[in-house]
Structures are given as C-alpha cells and as structure tokens.
Amino acid sequence: RANAYGALEGLVTRGAATKTPPTARPARYRPPDPQALLAHLATLQGEALDRLARALRDNSHPLEPVTKEVGASVIGGSVPFVLFFSGLAVATAPTAAFIHKTLFVWVAVLAVPLLGERLGIIQIAAFGALLAGMALVAPPTGMGWGVGETMIAAATLLWSAEVVLAKRLLVNVSSPLLAAARMGLGFV
Numbered sequence: 001r002a003n004a005y006g007a008l009e010g011l012v013t014r015g016a017a018t019k020t021p022p023t024a025r026p027a028r029y030r031p032p033d034p035q036a037l038l039a040h041l042a043t044l045q046g047e048a049l050d051r052l053a054r055a056l057r058d059n060s061h062p063l064e065p066v067t068k069e070v071g072a073s074v075i076g077g078s079v080p081f082v083l084f085f086s087g088l089a090v091a092t093a094p095t096a097a098f099i100h101k102t103l104f105v106w107v108a109v110l111a112v113p114l115l116g117e118r119l120g121i122i123q124i125a126a127f128g129a130l131l132a133g134m135a136l137v138a139p140p141t142g143m144g145w146g147v148g149e150t151m152i153a154a155a156t157l158l159w160s161a162e163v164v165l166a167k168r169l170l171v172n173v174s175s176p177l178l179a180a181a182r183m184g185l186g187f188v
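Going letter by letter, the sequence shown gives residues 1 to 188 in my numbering.
It should be emphasised that the hints constitute simulated quantities derived from the structure, not laboratory data. The reader is advised that the hints may include incorrect statements.
[To be verified] The list that follows gives simulated cross-link-like pairs (lysine to aspartate or glutamate, DMTMM-like), each with its CA atoms no further than 25 Å apart:
| id | residue 1 | residue 2 |
| --- | --- | --- |
| 1 | Lys19 | Glu9 |
| 2 | Lys19 | Asp33 |
| 3 | Lys101 | Glu149 |
| 4 | Lys101 | Glu117 |
| 5 | Lys19 | Asp50 |
[What the hints assert, rightly or not] So the derived label-pair ranges between C-beta atoms look like this:
| id | residue 1 | residue 2 | range |
| --- | --- | --- | --- |
| 6 | His100 | Gly10 | 45 to 55 Å |
| 7 | Trp145 | Gln45 | 36 to 46 Å |
| 8 | Leu136 | Pro34 | 25 to 35 Å |
| 9 | Leu136 | Arg14 | 41 to 51 Å |
| 10 | Ala132 | Gly10 | 45 to 55 Å |
| 11 | Leu11 | Pro176 | 39 to 49 Å |
| 12 | Ala138 | Ala4 | 16 to 26 Å |
| 13 | Arg30 | Arg168 | 38 to 48 Å |
| 14 | Arg168 | Gly10 | 35 to 45 Å |
| 15 | Arg51 | Ser175 | 23 to 33 Å |
| 16 | Arg54 | Ala27 | 37 to 47 Å |
| 17 | Phe127 | Tyr5 | 24 to 34 Å |
It should be emphasised that the depicted structure is a prediction, and the values quoted were computed from it without experimental measurement. Glycine included, C-beta positions come from ideal geometry on N, C-alpha and C.
Given these sequences and hints, build the entire structure.
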C-alpha cells in the first residue's frame with residue numbers, strides 16, 4: 001500500500017494527478033483533465049527542446065553534422081514516438097492506423113515547397129488512389145477527433161518532416177550514420 005501511495009505522490013509531483021483535499025485522510029487522488037495533462041506535457045517537451053536548441057546553438061556551428069544528426073534524431077526519433085504511442089493508447093486502432101498511413105501525403109506536401117519537388121497529375125492521381133485504397137481496405141471506423149488522434153497526427157507530421165530533412169542531410173552525411181543517430185539518440 002505504501003508503494004501505491006508513493007507512486008501516486010510521484011504522479012502528483014509531476015502534475016499527472018491531483019490530491020484532493022491535500023490534508024484530509026484518507027488521501028484521494030484524481031487524474032487531471034486529459035487536455036490539461038497534454039498541454040502540460042507539451043509544455044515540458046517544448047521547454048526541453050528549447051534547452052536542447054540553446055545548448056546546440058551555444059556548442060556547435062550551424063553547419064556541423066552533429067547538429068543535423070541530433071535534429072534528425074529528435075524530429076524523427078524520440079518526440080514522435082512518444083506522441084504516437086501515447087496517442088495510440090487513447091485513440092482507436094483503425095483511426096490511428098489511417099492517420100499514420102497518410103504519411104506519404106504529408107511528405108509530398110512538405111517536399112514541394114522545401115525540396116522543390118514537382119507533383120504532376122499522375123502523382124496526384126496516384127496519391128488519390130492510395131488514399132481511396134486505404135479507406136476501402138482499412139476504413140477508420142468510429143472516426144472522431146480527440147487528444148489521441150491529435151498526438152498521432154503530430155507524430156506523423158514530425159516523421160514527414162524527418163523524411164524531408166533526411167533527404168537534405170544525406171547529401172553530406174552517410175546514411176548509416178544518420179540511421180544510427182536517429183535510432184541511438186532517438187531512443188533517449
């Protein structure tokens with residue numbers, strides 16, 4: 001019982017639960033509003049990314065490969081994986097799968113302005129056929145939009161940004177090194 005209360009107190013200190021009223025016995029714990037918890041976690045992640053950006057800016061030159069590799073590992077590794085699996089715990093599986101499988105659309109949308117890629121009518125028709133096929137084979141049943149779906153969409157957008165960034169980085173950085181940075185640093 002002491003371990004359970006200790007775990008609950010740990011959640012309170014991290015903002016993932018509230019203790020109401022604080023002095024009454026027995027202690028009662030309540031989960032926070034999911035949107036407030038998500039906002040709190042996003043703020044913490046944003047602050048961590050800001051600290052990382054400041055540290056990288058202070059300790060490296062803008063064109064150093066290490067900076068690029070760390071950026072790719074954060075954009076394509078740790079942050080989207082946390083968002084995706086946290087969102088997957090809340091969202092329905094068909095909806096989550098459908099959102100994730102739209103990755104190719106977002107890569108194309110980002111590649112046009114950022115990489116100068118050109119989309120012709122054939123490519124656009126192919127994208128439409130792929131989306132229609134996904135909707136027919138695995139329709140997103142019970143499609144609703146909530147916190148989980150938002151987290152999965154954010155992860156998908158980060159992964160699409162990573163694909164565009166990787167295309168730029170692979171000009172000067174070896175693919176095994178970039179993959180190792182993504183998997184190694186993204187694990188953190």
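key: Hints not upheld, ascending by number   = Failing hints, ascending: 5, 6, 7, 12 and 17.
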